[in-house]
Amino acid sequence: MQGTGHSNMAVGSGGPGSGPNEPGPEAFVVIPAFNEATVIGGVVRELIAHDLNVVVVDDGSSDETAGEARKAGAIALRHALNRGQGAALQTGIDYCLSHGARILVTFDADGQHRSDDIPRLVRPVLDGTVDVVLGSRFLGTTENMPLRRSVLLKLAVLFTRLHSRARVTDVHNGLRVFSRTAATKIKISQDRMAHASELIDQIVGSGLSYQEVPVHVRYTEYSRAKGQRASGALKILADYLLGDLTR
Amino acid sequence: MNTFQVLGLAICGSFAIGVLLSMLHHRIGARVGVAWLLLWVTAGVAIARPELTVTVARALGIARGADLVFYFAILAMFIGFFAVYTKFRRVENDITTLVRQLTLREALDEHGPTEEPAHRVPDEEA
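Protein chains in written order, with the working numbering: chain Z, 1 to 247; chain D, 1001 to 1126.
Worth flagging that the hints you see were computed from the coordinates, not collected in a lab. In this text, a Cβ means the ideal position worked out from N, Cα and C, and glycines have one as well. Mixed in with the good hints there might be a few duds.
To be verified - Here are the in silico distance ranges between beta carbons for each label pair:
#: 1; chain 1: D; residue 1: Met1077; chain 2: Z; residue 2: Lys187; range: 30 to 38 angstroms
#: 2; chain 1: Z; residue 1: Gly205; chain 2: D; residue 2: Ala1010; range: 47 to 55 angstroms
#: 3; chain 1: Z; residue 1: Asp63; chain 2: D; residue 2: Glu1110; range: 18 to 26 angstroms
#: 4; chain 1: Z; residue 1: Tyr222; chain 2: D; residue 2: Arg1031; range: 46 to 54 angstroms
#: 5; chain 1: Z; residue 1: Leu158; chain 2: D; residue 2: Val1084; range: 28 to 36 angstroms
#: 6; chain 1: D; residue 1: Ile1079; chain 2: Z; residue 2: Thr38; range: 42 to 50 angstroms
#: 7; chain 1: Z; residue 1: Lys235; chain 2: D; residue 2: Val1041; range: 33 to 41 angstroms
#: 8; chain 1: D; residue 1: Thr1055; chain 2: Z; residue 2: Arg148; range: 50 to 58 angstroms
#: 9; chain 1: Z; residue 1: Lys235; chain 2: D; residue 2: Asp1109; range: 29 to 37 angstroms
#: 10; chain 1: Z; residue 1: Lys187; chain 2: D; residue 2: Arg1064; range: 46 to 54 angstroms
#: 11; chain 1: D; residue 1: Leu1052; chain 2: Z; residue 2: Lys187; range: 49 to 57 angstroms
Claimed, not checked - Subject to a maximum C-alpha distance of 20 angstroms in a straight line, what follows is the list of computed EDC-like cross-link-like pairs (lysine to aspartate or glutamate):
#: 12; chain 1: Z; residue 1: Lys235; chain 2: Z; residue 2: Asp201
#: 13; chain 1: Z; residue 1: Lys71; chain 2: D; residue 2: Asp1109
#: 14; chain 1: Z; residue 1: Lys235; chain 2: D; residue 2: Glu1092
#: 15; chain 1: Z; residue 1: Lys226; chain 2: Z; residue 2: Asp108
#: 16; chain 1: Z; residue 1: Lys226; chain 2: Z; residue 2: Glu64
#: 17; chain 1: Z; residue 1: Lys71; chain 2: Z; residue 2: Asp108
#: 18; chain 1: Z; residue 1: Lys71; chain 2: D; residue 2: Glu1106
#: 19; chain 1: Z; residue 1: Lys187; chain 2: Z; residue 2: Asp201
#: 20; chain 1: Z; residue 1: Lys187; chain 2: D; residue 2: Glu1092
#: 21; chain 1: Z; residue 1: Lys154; chain 2: Z; residue 2: Asp201
#: 22; chain 1: Z; residue 1: Lys71; chain 2: D; residue 2: Glu1110
#: 23; chain 1: Z; residue 1: Lys185; chain 2: Z; residue 2: Glu26
#: 24; chain 1: Z; residue 1: Lys71; chain 2: Z; residue 2: Glu46
#: 25; chain 1: Z; residue 1: Lys187; chain 2: D; residue 2: Asp1094
#: 26; chain 1: Z; residue 1: Lys71; chain 2: Z; residue 2: Asp51
#: 27; chain 1: Z; residue 1: Lys154; chain 2: Z; residue 2: Glu143
#: 28; chain 1: Z; residue 1: Lys226; chain 2: Z; residue 2: Asp63
As the list claims (entries may be wrong) - One side of the interface only, derived from the structure: several residues of chain D facing chain Z at Cβ under 10 angstroms:
#: 29; residue: Ile1095
#: 30; residue: Thr1096
#: 31; residue: Leu1108
Chain D extracted, bound-state conformation:
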């Protein structure tokens, strides 16, 4: 085992343990935890046994193991981008809801009581 493999396995192992601890302390959900565990274990296996990536690549019709890793990295990047974007939009919508409620509350203080609100606020929908 070369130096890169030792370092790589140590990093992957640390992250995998971190994910396990987060799952145990309920800081992340089971599904998200299992997905992250799979990612780090796969990365660890690819580092420890690089010839396996060649076998998998050939089974998928790709010539080189490095290409397989590259394609998966691109795919993972897009999935990551989409996940972050989705989260970003949720946060943006939450900020808008908050700003709107503050605005309508100010208006209520200024212009008097209202009828039933037309749209329920998210916590009422839950």
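Looking at chain Z on its own, in the form it has when it is part of the complex:
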């Protein structure tokens, strides 16, 4: 699915190093992380194997998230206080842009994304087809996704389609790719989880072209325990609507 007037394009299935459209040395992956010491090392190592610059933003964790990320080879930034995933993402984006990033990938810390999906997501941005690529689990595949999570995510999609008029099938998917131009235009003000809807708003509002690409999302016991509950979804909605009013 693609926005701002581009026709749908076929998405290939390249892997790392599969051709001229590899991410390259100016591609940075931003991982916001909060108390993810047990899994962050594995996630970072998987990404580094794809020759990507990995920036982990430890959002005031009380465990060794930053240390583990650094040991695995990532650049680890650390928020002195927990400010939320949206805030950590923006910090990571600012850091990457100031270090010459041309391509920015956002990636979840809990290991639910597959690094092998990144080359396919990067390609449309690298070849200039679109400014932003959004990963979609509903166009792709999922593993062990709880039904309740699926229903909540689809309600979020419905809300975003109505509110932002964005033609998307997955809003709260942490796997996204931004061109440098797009990342410079994005300014996340929703510090917590409502940033996902805000991002879509800003993409549409800034006139950036976007496309969804199917991705695989795996739900482990760990990622399910870390995920949002129904009450959390209501809080996200309240944050988003009140944030809209107070902006």
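We have chain Z already, so just place chain D on it with the hints.
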């Protein structure tokens, strides 16, 4: 004038004088000061001349003066909640900006110089 009216007027008068002094010393802006003055003067008038609330209520199609006061109190509460929430969000955003700048400064010390910052910090935008 009964005891409640005397006490009520004394409280409203004290707050109104406090607002005036704050305006004179530029501790609050003119618009905010006038809004608070209006609130305390209206409350004072409603306490001193309760029959006026009945007249205003009937003009608005509400049966009782007490209902009018109740509705206005609810409205004022929501406005107050919104004002506090807006302020709270600004403070939250300021804290985030501060935390981010500290983080990026630490990173600068650790990983070396950077190019132009992508986003200007608020004081540069002012």
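(request) Taking the numbered hints from earlier one at a time, note which ones the structure violates and give those numbers from smallest to largest. (result) Violated: none.
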